Amino acid sequence: MKKGFHMLSLIGATALFLLFSITGGAAASDLAPFAEQEGALRVAGGTAHIPVMKEAAKQIIQSNPKIQISIAGGGSGLGIKQAGEGLIDIGNAGRKPTDEEISKYDLKLFKWAIDGVGAVVHPENSVKSLSSVQLQDIYSEKISNWKELGGTDRQINLYTRDEASGTRKVFWKKALSKGEISAKANVVISNGAMKTAVAGDPFAIGYISVGHMDPSVTPIALDGVAPNLDTVRSGEYKVARGLYSLSKGEPSGLAKLFLDFIFSPSGQKIVAEKGFIPVR
Amino acid sequence: MNRPHSFTEYIFLTAAVCSGLLTAAVFIFLFIFSLPLLQNGQLTDLLLSSWAPDKGMYGIYPMLSTSLTLACLSLAISFPVSLGCSFVITALAPARLRRFLLSMVRLMTGIPTVVYSFAALFLLVPFMRNILGQGSGMCILTAAPVLALLIAPTMIIFFVGSFEKVPRSSTLAVDALGGSEIQKLLYVMIPLAWPGILNGLLLGFGRAMGDTMISLMLAGNSASPLNSLTQSARSLTSHIALVMAFDFDSMEFKSIFVCGLVLYIFTAILMLLLRMSTLCFSGKR
Amino acid sequence: MIRRLIEDALTVLSWAAGLLLTLALLTLAGYLLKKGGSTLGVDLIFGDTAPLDALMLRRQVFDGLFPAMIGTLLLITGSMLIAIPVGIAAGIYMAEYCSGRVKGFFSLLFDILAGVPSIVVGLAGLSLTIFLHRHFSAQISTSLLISCLSLALLVLPYLIRTTQTALESIDPLIRRTAPALGASRLQNIIRVLLPNSISEIVGGIILATGRCAEDTAVIMLTGAVASAGLPRSIFGQYEALPFYIYYISSQYTGPDELARGFGAAILLILICAGLLLIALWMQKRLTTLLLYR
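Protein chains in written order, with the working numbering: chain A, 1 to 280; chain B, 1 to 285; chain C, 1 to 293.
Careful: at least some of the hints might be erroneous.
[Claimed, not checked] Which stretches of chain B does chain C cover? Using the computed rule of at least three CB atoms under 8 Å from a CB of chain C, they are:
(1) 18 to 25
(2) 85 to 99
(3) 105 to 117
(4) 169 to 183
(5) 209 to 221
(6) 229 to 241
(7) 256 to 266
Derived from the structure by calculation, the hints contain no laboratory data. Keep in mind it's a predicted model, so treat the numbers as computed, not measured. C-beta atoms are modelled at their ideal positions from N, C-alpha and C, and glycine is treated no differently.
Bound-form chain A, shown alone:
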């Protein structure tokens, strides 16, 4: 009985191995530099980056299990600061660090994707488009009921991100024109959490990275322009930003290989698959 189980899992493992060596996930040449490597790499910061980071880590680790890559969220603010303090090897940021931050920590920037930030509502919501002024009024609570926008007679449930978020900074600066964000808004701590919250609340409005949008939420057209890959790429949708990875000084060792991989054809393919606009 026990022997049978061993045999079975052996066959299973071989089959899986064969499967992987055929489909491969990534072109072997892009992963080749990792072959002789060993050690741990810490990545943290921007939460929009997480799906790309996870997939890249998965491919790297599957090619060489001796490498450990830990990925944490925390927001762009944390990514910039912790990379600067040397607490992590690669920090992610969904906004460009300020010049002060760059010079203070000697940060090197790697922009590997372009992304937009768009307001989203529940798919059942009849409101599908807003003007910039309306959006600002919603977030400053001047408009507090969907009725005023032609929707159901229900209070608008505001969702916003924590203060460390780069998504929040970009949305606040470019979509709200630095207008007020009501203190009464619910606070969530990542792009994923925002999507989950809005998808579960029929009267919610929130904002997420375009790369994170899927059918569970409906993007709101801002001044007639819907946030999607095409409008962001063409520059028609204005609330756009770069996705950055940062290192303190020139990256070395695993960090350099990891960043190289993100810029390689396989890495940029992941970027596109996860809904962002690759830079190469």
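Dock chains B and C against chain A, hints included.
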């Protein structure tokens, strides 16, 4: 007594002193890290002003009031339920059911808080949203019953324990007079065991104030001052969890150490109160 | 007459309270089972990796709970290794050597430590990390080791208290026999007192283990991350079951991941309740210790 100064005794002593020092070290760490904020603003300012980092205000009053409201509300739900359960377990139920209920309550202490809040997030939050007809469903009113469920076993076990300590001579007297179980509880056990009940209440309050996951996942986390129970709110503990993401030099980050300090001092006072009430109780007996 | 009314009302209300609690618990269990019951199985733990490969560390597990389970296991082991010796030694001191005011002072300290919210313990761990990072080595960051230290601090008071109460509750007859026959104090402790209270002490240890397994607030501040694979060193970051549940609750990307979260919740309850049952079975008099959880 002679004092044998053996080597092993010193090992035991060191262990105890280290553990005691660690308790103090936690306090010292919190104090040192929150010192910049304590020096800058007056303490009362910090405790009584609101949270608006954009305007340079780092007051923790909204979180403080949320924590206290949430703890009181969950206690108000949990106390009667726990007292009722402990009545059933001590006196009302037949012996076999008593044993079953007591084991169930003990088992409840083993359920992780994160599991309570995980289930409530998908079960209670949408339910509350529909009932209230406004808001996201994440509010104090949602978090309080879950928190009540969390602290109930603590209180029940304490209540049952203090009822059991009531001397048999008193309860036998009621039996001899032909009193019912509920009369025994009402006129003999509660008057004798009330300091124990008070202690259970204090412990439950402490647990309710100290829990993080339930308020973090269910209360909505908005930092605005508390106006109504149906509004999204942030407790001291979830504030620590949320702001942890900030950079280390910022005032925001330092403010979470003030929150930690407040929680620590609160615990210390609670434990002193407990100690005093226990002393009073044993003094009377 | 009014008294009679009050008595009856109280009886009814008490039963209602008991029923309410039971119902709440049944709802919780039923809901978790309904949502996550179907995920329970080998796939939940190992994802699409062959279990044997994962166990032999030949291949990393993605889309499975294996790394989180190993992370939790390492956390438990590490923190108990630190907490048990200190806790038991301090407990022996409290029960056998300490008396009077010193004892009162120490017990107050340990009570405070037991009552401090776990997130505050986590915050202390985080500040220790920042302190070490600034003043000793830039390499130091939140890690498995820091989490173990913080969790050890969290459970230390339970261990001290269990050991102390176990020793103090020993029958005075047993306590006095060995010294009367010429045994030293230490011999008495090691040969007589500890063996006599071993089941209670072990029960306390198991309870503390459950506490380490369930705590989320400490580890979210001291090094648990969303994705790390298997930890390769104690200075690395790691995944853990309770943090995984928290992460999934807000970040799930689809019904599959959510179901896995429910699966993880069931798994964690089984682990914690299992540990609790073992502890209860080993030690019948630990009711007081449950109170500090």
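Going through the hints against the structure:
{"no.": "1", "hint": "18 to 25", "verdict": "holds (count 7)"}
{"no.": "2", "hint": "85 to 99", "verdict": "holds (count 6)"}
{"no.": "3", "hint": "105 to 117", "verdict": "holds (count 13)"}
{"no.": "4", "hint": "169 to 183", "verdict": "holds (count 3)"}
{"no.": "5", "hint": "209 to 221", "verdict": "holds (count 6)"}
{"no.": "6", "hint": "229 to 241", "verdict": "holds (count 3)"}
{"no.": "7", "hint": "256 to 266", "verdict": "holds (count 5)"}
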